[in-house]
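K.L.:
Let the sequences and hints guide you as you build the complete structure.
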Amino acid sequence: MNTTGTIRQTIATVNNWIENRTESQFAYFMLFPVLLVFSVLALWPVLYTLETSLYADSFSQFRGEFIGLSNYTELVTGGRDSVLIRPFIDLGNPFQSILPVTLMFTAVTVVFATILGFVQALVLNGTYRGRSIVRVAVLLPWAVPIVVQGMIFYLLFIPAGAGTDLVNSLGLMGSQPLNESVTAFAIVSLADIWVSAPFIALIILAGLQGIDQNLYQVGKVAGASRWEQFRLITLPQVMPVLMIAMLLKSLMSMRVYGLIDATTNCSTVPSLTCGVVGTFNGSLYGTSAALAFITAILIGLVSVGYLIKYGNSSTGGI
Amino acid sequence: MSTERSGNDSKLEQLVSYSIVNSDTLYRNLFYFTAICIVLISLAPFYYLFVIALTPSSRTTDAGIVPAGFDPSSFIEMFQVVPLHRFVFNSLVIAVMVTMIVLVFASLAGYVFGRMDFRGKPILFIGILVLSYFPGATFIVGLFRLLTGNISVLGISSPDLFGTPGVVALPLTTLTLPIAILLLTTFYSQIPDGLEDAARVTGSTRIGSLYRIIAPLSAPGLVTAGILTFITAYNEFFFSQLLTTGAAADWSPIVWGLSNYQTQVSVRYDLMAAASLFAILPIALLVLVAQKKIVSGLSGGTLRG
Chain S
1 MNTTGTIRQT IATVNNWIEN RTESQFAYFM LFPVLLVFSV LALWPVLYTL
51 ETSLYADSFS QFRGEFIGLS NYTELVTGGR DSVLIRPFID LGNPFQSILP
101 VTLMFTAVTV VFATILGFVQ ALVLNGTYRG RSIVRVAVLL PWAVPIVVQG
151 MIFYLLFIPA GAGTDLVNSL GLMGSQPLNE SVTAFAIVSL ADIWVSAPFI
201 ALIILAGLQG IDQNLYQVGK VAGASRWEQF RLITLPQVMP VLMIAMLLKS
251 LMSMRVYGLI DATTNCSTVP SLTCGVVGTF NGSLYGTSAA LAFITAILIG
301 LVSVGYLIKY GNSSTGGI
Chain C
1 MSTERSGNDS KLEQLVSYSI VNSDTLYRNL FYFTAICIVL ISLAPFYYLF
51 VIALTPSSRT TDAGIVPAGF DPSSFIEMFQ VVPLHRFVFN SLVIAVMVTM
101 IVLVFASLAG YVFGRMDFRG KPILFIGILV LSYFPGATFI VGLFRLLTGN
151 ISVLGISSPD LFGTPGVVAL PLTTLTLPIA ILLLTTFYSQ IPDGLEDAAR
201 VTGSTRIGSL YRIIAPLSAP GLVTAGILTF ITAYNEFFFS QLLTTGAAAD
251 WSPIVWGLSN YQTQVSVRYD LMAAASLFAI LPIALLVLVA QKKIVSGLSG
301 GTLRG
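Those protein sequences? They're chains S and C, same order as listed.
Going by the working numbering, the letters in the first sequence line up with residues 1 to 318, in that order.
Going by the working numbering, the letters in the second sequence line up with residues 1 to 305, in that order.
Everything labelled a hint here was simulated from the structure, so no lab data went into it.
Note that the structure is a prediction, hence the values are computed from the model and not measured.
Do not take every clue at face value.
[What the hints assert, rightly or not] What follows is a set of in silico ranges between Cβ atoms, one per label pair, in the way DEER data are often shown: (1) C:Ser-58 <-> S:Leu-69: 51 to 59 Å; (2) C:Met-100 <-> S:Gly-223: 55 to 63 Å; (3) S:Thr-22 <-> C:Leu-129: 19 to 27 Å; (4) C:Ser-10 <-> S:Thr-127: 31 to 39 Å; (5) S:Gly-126 <-> C:Ala-219: 23 to 31 Å; (6) C:Phe-89 <-> S:Trp-227: 46 to 54 Å; (7) C:Phe-89 <-> S:Ala-107: 36 to 44 Å; (8) C:Ser-58 <-> S:Arg-131: 40 to 48 Å.
Think of the CB as a built atom: it goes at the ideal place given N, C-alpha and C, for glycine as much as any other residue.
P.N.:
See below:
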């Protein structure tokens with residue numbers, strides 16, 4: 001009885017205190033836990049990693065001596081040969097080989113995942129029986145664990161795999177497609193397109209559902225064919241959303257790691273993040289941190305580029 | 001030759017005129033054809049897992065469209081070689097932890113960002129979103145030091161969480177929080193102001209109107225945010241791989257469970273396939289039940305507003 005009384009009184013006091021705050025004060029009061037979590041688990045680690053990138057690698061302790069931007073300059077100019085990354089194009093310059101791979105991967109996956117995603121969105125947007133089955137099927141590749149996504153394509157392209165048989169019967173490549181850089185790159189890209197198209201599809205679907213249906217009525221009256229309706233109404237209407245989808249997909253592709261590691265162990269198709277992890281696991285913390293920030297800078301540049309080019313035309317989102 | 005060509009031409013002509021007259025039928029059939037292709041593209045790789053899982057390990061090379069032989073024992077053996085059930089359990093525990101923490105924090109932030117005006121709101125909101133688009137790699141050195149007890153502030157050392165579920169759950173919380181906040185901000189901003197105003201006018205306190213008006217209305221938004229968070233957390237790869245020991249008893253998640261089959265002495269593809277199928281079971285069930293919510297959440301919630 002006594003304790004419930006105290007509890008009630010406390011609640012009343014707190015309630016009273018909250019009532020007497022301004023709107024801004026109340027907002028910050030409510031946001032406090034979130035901001036605390038973000039400061040400790042996101043902002044602080046990023047700043048700490050940034051600081052670490054200014055120190056030399058050291059095997060005897062966590063950080064070597066302070067060397068300023070040397071990690072960055074050496075990575076970009078290719079002056080470091082201790083980086084534990086397997087090469088793809090250029091044997092001598094690990095960063096200069098993982099950068100082209102990452103950019104090529106980004107270009108290929110963004111283009112093809114967008115095309116596949118667009119088709120999926122059009123299919124998801126229709127009304128027909130069995131639509132929920134299509135919905136589950138489209139979502140599934142995106143929703144399963146990354147390690148399983150990778151495992152599937154690993155199993156498809158082991159020497160005995162069905163995918164390998166197909167590649168061989170087409171006369172394309174040898175019996176170990178995952179160990180050869182060009183085929184491995186194609187396989188990893190294929191896997192990523194299969195995995196990420198649904199994500200793009202769902203964003204485009206939002207755009208499709210936002211289109212004013214009257215436009216199609218007008219189009220029909222004016223005698224536009226299905227194709228003309230698509231080209232003159234659908235495409236321009238979803239363009240802003242399409243751009244957002246492609247931007248988000250570009251950012252995801254540029255920091256890709258899990259899928260590549262799960263299919264090829266990062267050995268034949270090294271992405272930027274593969275490089276970060278490789279150096280991190282090799283205790284080269286300075287190099288690892290610098291490589292991580294080079295990745296972040298590139299991602300930032302791509303985002304800013306998109307925003308400058310398409311920022312005005314996009315109506316919604318970011 | 002010429003008769004054959006004209007024959008083809010007339011057939012083609014027929015087809016063209018038929019398509020023009022029945023363009024709707026043609027379009028519909030084309031649509032169904034595309035839909036079937038999409039379903040096949042999405043599901044065929046999963047079907048292949050069944051083929052490999054059912055093929056006896058000695059005959060993997062013969063597996064094609066159908067399994068070479070029928071040997072379901074891999075579905076039992078996979079638990080004996082690797083404690084797969086424990087890895088899946090670990091992942092489920094971590095995903096539930098993350099989802100619960102994220103829902104509490106994201107609904108607070110979503111309410112504030114969606115329904116209140118205050119100084120610094122745009123900067124804070126964009127700041128949180130931008131941070132979430134930083135590559136995971138930029139967190140790892142700092143997080144690793146922090147969560148292994150190597151950072152001390154004012155003489156108090158950070159906790160060593162290595163080998164506990166927290167070591168993955170905490171980074172995943174920050175990773176999934178921004179998306180949940182974005183989703184719930186949009187959701188809360190769509191609740192009409194009038195409801196809350198009415199409650200305030202009739203004498204309800206801030207907390208009272210939050211509890212009586214907003215909380216009951218927020219259930220659908222919370223469900224969608226929760227599902228998406230759970231899926232992201234269960235599937236995560238990067239932090240799970242880098243921050244855990246790899247042992248089942250140390251709360252290592254499913255990433256390690258499946259990787260462990262690759263490090264076995266004799267590589268057993270049938271076990272890998274069977275284990276993959278087992279690992280996706282929780283997510284497949286969730287997608288089956290919640291497909292509508294996921295679609296509306298991702299397509300409607302995160303990018304509109």
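K.L.:
Checked against the structure, which of the hints given earlier come out wrong?
P.N.:
none
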